Structure formats: structure tokens, C-alpha cells
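Based on these hints, arrange chain L on the given structure of chain C.
What follows is each chain in one-letter form.
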Amino acid sequence: MKDAVTPATLTRVERPAQPSPLSNALVFGWRAVLKFRHVPEQLFDLVMTPIMFTLLFTFVFGGALAGSSGDYLQFFLPGILVQTVVFNAVYSGMGLSTDIGKGLFDRFRSLPIWPLAPFAGLMVGDVLRHLIAGTIILGIGLGLGYRPEAGVPGVLAAFALLVAIGFGFGWIFIVLGLIVRTPTTVMTLSFTFLFPVVFASNIMVDPATMPDWLRAFVEVNPVTLMTTAMRGLMGGTADLGEVLRALIAPALLTLGLAPVTLWLYRRQ
Amino acid sequence: MKDTADAAQADRSAAGRLAISARGLAKSFGDTRAVAGVDLDVPSGSIFAVLGPNGAGKTTLMRMLATLTPPDAGSATVMGHDLVRAPHAVRGAIAMTGQFASLDEDLTGRENLIMLARLWGFQGRAARARADELFAAFDLSHAAKKQVKDYSGGMRRRLDIAASLIVTPGVLFLDEPTTGLDPTARQKVWRMIRRLARSGVTILLTTQYLEEADQLAERIAVIDHGRKIAEGTSRELKAATGSGVLHVALADPARLDEAAELLGRALDAPVHRSPEGGQLAVAAPSPAAANRAVAALLEAEITPADFSLGSPSLEEVFFSLTGRAEPQTEDTE
Numbered sequence: 001m002k003d004a005v006t007p008a009t010l011t012r013v014e015r016p017a018q019p020s021p022l023s024n025a026l027v028f029g030w031r032a033v034l035k036f037r038h039v040p041e042q043l044f045d046l047v048m049t050p051i052m053f054t055l056l057f058t059f060v061f062g063g064a065l066a067g068s069s070g071d072y073l074q075f076f077l078p079g080i081l082v083q084t085v086v087f088n089a090v091y092s093g094m095g096l097s098t099d100i101g102k103g104l105f106d107r108f109r110s111l112p113i114w115p116l117a118p119f120a121g122l123m124v125g126d127v128l129r130h131l132i133a134g135t136i137i138l139g140i141g142l143g144l145g146y147r148p149e150a151g152v153p154g155v156l157a158a159f160a161l162l163v164a165i166g167f168g169f170g171w172i173f174i175v176l177g178l179i180v181r182t183p184t185t186v187m188t189l190s191f192t193f194l195f196p197v198v199f200a201s202n203i204m205v206d207p208a209t210m211p212d213w214l215r216a217f218v219e220v221n222p223v224t225l226m227t228t229a230m231r232g233l234m235g236g237t238a239d240l241g242e243v244l245r246a247l248i249a250p251a252l253l254t255l256g257l258a259p260v261t262l263w264l265y266r267r268q
Numbered sequence: 001m002k003d004t005a006d007a008a009q010a011d012r013s014a015a016g017r018l019a020i021s022a023r024g025l026a027k028s029f030g031d032t033r034a035v036a037g038v039d040l041d042v043p044s045g046s047i048f049a050v051l052g053p054n055g056a057g058k059t060t061l062m063r064m065l066a067t068l069t070p071p072d073a074g075s076a077t078v079m080g081h082d083l084v085r086a087p088h089a090v091r092g093a094i095a096m097t098g099q100f101a102s103l104d105e106d107l108t109g110r111e112n113l114i115m116l117a118r119l120w121g122f123q124g125r126a127a128r129a130r131a132d133e134l135f136a137a138f139d140l141s142h143a144a145k146k147q148v149k150d151y152s153g154g155m156r157r158r159l160d161i162a163a164s165l166i167v168t169p170g171v172l173f174l175d176e177p178t179t180g181l182d183p184t185a186r187q188k189v190w191r192m193i194r195r196l197a198r199s200g201v202t203i204l205l206t207t208q209y210l211e212e213a214d215q216l217a218e219r220i221a222v223i224d225h226g227r228k229i230a231e232g233t234s235r236e237l238k239a240a241t242g243s244g245v246l247h248v249a250l251a252d253p254a255r256l257d258e259a260a261e262l263l264g265r266a267l268d269a270p271v272h273r274s275p276e277g278g279q280l281a282v283a284a285p286s287p288a289a290a291n292r293a294v295a296a297l298l299e300a301e302i303t304p305a306d307f308s309l310g311s312p313s314l315e316e317v318f319f320s321l322t323g324r325a326e327p328q329t330e331d332t333e
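Respectively, the protein sequence lines represent chains C and L. UniProt numbering applies: residue 1 is where the first sequence begins, and numbers increase by one. UniProt numbering applies: residue 1 is where the second sequence begins, and numbers increase by one.
Just chain L, with the same shape it has in the complex:
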């Protein structure tokens, strides 16, 4: 009982403040520094995205915060509980949905949830009732009696998230919640995440999709090679990249290389090509500078089909932070 009293107090003290506060978290595997000293402050009740390419250390960071991997160095509190000294109390206040649907595939969906409900301490009828409630809420009642191995990817993901909500967690960890889902299933999961956040659950999610972080998260931490290289709201990150970005699309794509070189020289900044290759983006310190750059193109008789000066996309932010085109392309895991 003392344990619950302590937990209740910790809950109160965390309310309206930080759900997660980490300082200098580090973890190495052999010679690889997976996480090399990360500070993180996640406000209570927000959606916080950890964005980075594969192998950046996102999953390791999350596993440390979820008590699955002990950190080599650093400290953290989760919902007011010390990660290292009171891991059991942390576990009582969190739920984690890993990258792969962590369910027993031989059992039915309903049996999986009943099993977890019982592990949380719901007994007999209460455990079954909680499972049925979650099935109805997640629009899965029709599949409750099916073995999980017969579920589609989207259904698995929803069941997996449902399994994390048996007891409303203070913090819900979602490791790449929409990786491998089709667009419809992804939208469904996003809607679910937003609703959860609105109900007061703090959500920490990792993603390698810029769009996902942009769409969902109030704050974004960009992680690369185990370090946090930037943090802020999507707007702040974009603003930090520069006052504006000049976007140019060419009438004649064959001259893209030539145009990229000209723009880079004119504005003295790296030029980012959009994944499709048809568009160039380069930071411009002022409208006048952008104007001169476009003039340089016209002088070389390269005709832009379209050009504009605007704020950078999150993808371009990542490019300017890491010097790499886009997070998905780097795969070192």
C-alpha cells in the first residue's frame, strides 16, 4: 500500500510538469555508442517525437526510459520515479509498445488482453470486462476470438496499443508506431494517438518519418549518431534553419545539376534535392539574396518552372542539421 501512496504522490507532483526528465543518458553496446549522452524534457500530457534515421539510437533511448535497458551513465525520472533506483515504480506508471507487435500469436486477441489485464491485477470477470471494453474501443470486437497470427498488420498494431492501455499509463512509449502500415491504417493509428494525448496521456514516440513527427508531435527531438542535434516545435526547428528557403523547380530537369551548382554558389549554402529529384531547395538569408540567385539561373538560360521563398519543410530541416538528404536513406542498424 505504501507503494501506491508513493505512486499517487509522484503522479501529483508530475502533473502539469515534466513526465520525463533525463540527463546525460548513455548506452554503449561493445564499441558502439548507441546513445551518447542525451538530455530530454517531456512535458506532461504532450506528444513528443524522437526523430532520426535507423540506427540513430532512438530505440535504445526509449528502451532505457522504459526500464528495458539499464543506462551506462546519466539519470532520469519518469512520472516522478527514478529510473535506476525505482524501476518497478516506473513500470507501474508506463506502458510500452515495441517496434514489433509484442503479442502471443498463438493466443486469440482477447486472451492476450485478458492475460495482460490479469498481470496488472484485474481478476476474473474484471479482466475479461476490461479486455472486451478495449476491443470495442479499438474497433476490434469482430476479431476478439481470432488467433493473433491471423490479424492484419494494422489490426495487430491497434491490438498492441490497446494492450498498452489496460491501465491508463502516465507515459505511453510508442516505438515507430506506423512503420510498415498502409496509409489508411496509419491515419487510424494517428487519430488514436491524438485522442490518447487529449485524454492526458503523455506520449513519447520514435519515428523516422518527418511527416509523422510534423503531424503529431508538439515537440520534436532530432537524434543522430546517439546525440540530440536539435529540439523544438516543428515551427521552431524550421525557423532555426534560416529565415527562408528558396524552392526552385526546373522546366528542363536535365539541367538540374548545373542549376544546383549555380544556386549553391549564389547563396553559399548546401542545396537539397527533394526525393523525387525534380525540386531544389536552398536556404536564403534574405529575399534580395534569393532574387539574385534566381537571376543567376536566368542568366545561365536555365528557366525555373516555378520558384518560391518559404519556410523549410521538416525534411529540409533534417538536411541542414545532418547534411544528409533524408532520414530514411541512412541505414546502419
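Bound-form chain C, shown alone:
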């Protein structure tokens, strides 16, 4: 076996029938799952911040903000789920930037595959990450005494909305990942944008006490609309309008940024 390539393996291997776009996308999804197996540390990155936020806000600020820790947790938990998903969506953009830097993306681009498949794969990874992180945070919430009034159906509906939110926001970071050269810059830029959007919302506090100009922003902030819908779904008080308003931003982001993604991918 000294002489590496034996002629037998090089007898022309013909190309099998062209796989479907779905099959291409599933392969990239499989890759995302493998990453969980080989880099389990990423789970730690995904849930540490939200866990700390949950504990900090519930026990340190909760009493002052809502009278008691228990009441505050009831208010806060659906919001922290939104925050978790929106923050974690950055992960895909960083991964993409790494793939491009390493030249792996060039290999994908030189293959005869569905051009959006690598992104669909990132999204599959994202959805898995959102579900896992969401479940862990919800589990901790339940352990601390959070009770979703709407029960299991409400929680399932809320998680479906959560996935839609993550999917929509994911496009922002995929576009950043395609434009920005290093993964750390992707992260810094993303959080510069995310911090105001997440904190100037109704996740942590009722905006009633905010100055008018800020309240005007908070009320139309997509994160607020999403949080309101999450609270509604988990608390059993949601109406259709609330849910639809929460879906406006994810839908617009997908419609607007998916074509941009494809264009950037081809242009590179």
C-alpha cells in the first residue's frame, strides 16, 4: 500500500443520478447534527447566557420589578426564550464565516448541488439549536416554578413560533457571515445590533414606565411583538392578530434576505 492510489479505485466512477434539492439540504442538516456530536461544547455557549439571565433577573431584580420572584419569572420566561433564539441565531453566521475562511465553502460551490442547500443546512442546525436551548431554558423555568397556563398545546405553539423567529433572524447573520471576513467580527457586529433591539423591548420589563420616545420604539420593535405573542401563547391569551404581528419581521427578513444570500453566494 505504499503507492497510494491504486488503479482499481480510479476506474471511472460515474456520477449517480442527480439528487433532489431536499436531499442536498438534508446532507447539510446531517452535518449540523454531526457537529453537535463532535463539538458538544457549543451547547454550553448556547444556554449559559440565557440561564444566567433567567437566574439574575428572577432572583436579583424580580422582587423589585414584579413584587415577587415567582411573579416575575411568570412574566420573564417567554421573553428569555425569544432572547435565547435571537442571540443563538448568530451562531450560523459565525459558522458560515468559518467555512468560507477555511475554503470549505469553495468546495461546496464547485459541486453541482442546489445553491441554497448549504444555507438550508445551516437553518436545520439552527432549528435544532433553538429547540434544544429552548427546551433547556423551559426546563429550568419549570424547575424554578414557572407554569404555562396554556399547558402543553400552548407550549408547542410557542415553540413553533420560536422556530419561525429564529429562522427569520437567521438570515441577517447568514448575510453578515457571507460579507464579513472573520467569525469574531460577525459576532461583534451582530451583538452591536442585537443588544439595543433585545433590551429596548418588553422582554425584561413592562414598557409603561419608559419615556415616550423610547416607548414608541419599544411598541413597534419586532422583538416586543414576538415576546407579546409568546406570552399570549404560553399563557393561553393569544389571539390571531398577536401571532401574525409577531410573524411579520421573520417573514419580511426571509423574503428580503434569501435572494440577497443567493446573490452573494453566486457573486463571491
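Hints were generated in silico from the structure; no laboratory data involved. The model shown is predicted, which means the values in this text are computed figures rather than measured ones. Idealized CB from N, CA, C, for every residue including glycine.
Just some of the chain L residues that point at chain C, by a computed CB distance under 7 Å:
#	residue
1	Ala66
2	Leu68
3	Gly92
4	Met96
5	Gly98
6	Ser102
7	Asp106
8	Leu107
9	Arg118
Computed Cβ-Cβ distance ranges for the label pairs, DEER-style:
#	chain 1	residue 1	chain 2	residue 2	range
10	C	Asp239	L	Asp132	55 to 61 Å
11	C	Phe193	L	Gly24	40 to 46 Å
12	C	Arg266	L	Ala136	32 to 38 Å
13	C	Arg266	L	Asp306	57 to 63 Å
14	L	Asp72	C	Pro115	20 to 26 Å
15	C	Glu219	L	Lys145	52 to 58 Å
Here are the simulated lysine-lysine pairs, DSS-like style, with alpha carbons at most 25 Å apart:
#	chain 1	residue 1	chain 2	residue 2
16	C	Lys102	L	Lys149
17	L	Lys228	L	Lys238
18	C	Lys35	L	Lys145
Chain L only, in chain C's frame:
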């Protein structure tokens, strides 16, 4: 299915002819003309080297041919498919191994190949079988279950080339396949490339090593500042430089400058110093002229330790084409 029928026809029409035919390919990045109009004809089943210093435009040229960078101007067919109008068909007929091992470092080697096999359309067991076959062929079976980040440079390179052979490509693009490898690993990669070519795969490789082009390639295109400045077999390139080159080594290296000046004047040609600095080479139009040049040295009481009249090395060819000592020294990337 129509797609495959078209591909099969394109394959047949390309057989025995040109695997790549490019006319006037050009690409600029901002104000920099990376590739400034290059024609290229690569015969099917050959090893073709694109030789040039860093920043000469080799990689950009290759990326255009591999559909990764759209050209600003010019046209090309690869395995009979039009580069601009049918990029998807081109992708079906090529494989590219970039300058950096383009693999997922977190995954194992085997998972990387299975992933790519599935993307090509092998399913389940067939994908795993193809991966295992390639691992055995590339002498990597022992590392199949290791994460790629634990591979050595040579192993990565081999895995990277294996990843390009999941489906036998019509044209295999190799961007600087041995840059950064130790001599043993380099020999292994060279052997692999020769065997691939023998099996009928057309190979286009870029290199900044003259030795690599000389050793491997049937034809060599020399690229500098985005333009092709010469093309031919290694022998043709050497012949074009002049009928012969006078090589002189000095007994007293301290007088090298003086000797270089004398030789240059005697033969009216630029004098090239070998990288080690101990040897001078200068084109000589005839043995008589070479004789006179050596006589001039002796007259000045400079004693040659050794001198000979022979064909130029590829390095000297590059020197006479570009006026620069050797490709590696220019770094403008």
C-alpha cells in the same frame, strides 16, 4: 435525465481533444487586474501546469475555470460545457482542490467524504462504501475515524484530493497541491497526481515551484502579472530561451560580482545567479561566444572552478522571461 445525456455527449466530444479551452479570460478586483486576458488550451488527459509567482493571477484563473469566480470578460469551455452559460454542467464535470484543505475540521475524515458522496447523489450504503474505498486507496484507513483537525498536513492534502475524486472528474483542478508539504509528502502527492493522469483525468495545477512543473507537467504556461508570457513543454520553454546557457562556478566566490559583469558584457545578456549565489548562468548564442566569455574571465585572472554549456533550467527560463530571479521571491498577494 436530459442533463446527463447532454453531459455524456459533451464528454465524448471532448475526448481526445481539449479538456479546457479558454479565450481572453479576464478578471479585475477593484483597480487590480488579477487576470488580464489569458488564452489556454489544455489537451484532454494531460497534466498542465500554470507556473508563476504569488499574485501572478494563477489562483484567480483557476477559480474562474472552476466556476467559483465569474470572469469579467472572455469565454471558456470545460469538458465541452460553456463556463458562463452552463456553470452547473461544468461543476458536474470537474473537481477542485483549493490551496487550503477544504474540509470540515470538526468532522472525521470519513464523515467528510460521506457528506460529499451524498451531495454527489450516492445514497446511504453506497456513500459509505465510496468513502471507505477512497480511504483505502489513499492509505488513510487508519485515520478514517479521526477528526480532520488531528490530521498532519500531508494527510489533509491527501484527504482533500480524495474528496475531489468521489466521482471521477473530467478535469481536476489542484491549486498549489504541495505548498507547505515536506519532501516525502510532496513525493507522495506527485505520485498520486501522475497515476490520476494515467487513468485519463485531465489535471490543471498551479505551482510556484519550477521543479514541480518540470517534474509533473506535459505542458507549462508561465503567468506573470495576469498575463501568459510563455507556454510549451518544459523542453520547448528551455529551447526558446536560447541555444545554450553557459554555467560558471568560481573558485573564489568573492569575485562573483566582477565575474558576473564580465560575462554579461562578453555575451551581451543578463546574468542569472543561482539561489545559492555560487553559480552564474548566462545565455550564449554559440559555443564560440561561450568560449570567448570564459577567455575573458581567465584574462582577468578569475579562475572558474567549473564551467559548462548546456540547456537552461526552468528557473533560468523564468528569469529570461520575466527578468526576475525566481518566482518564489516575488510576493505581491
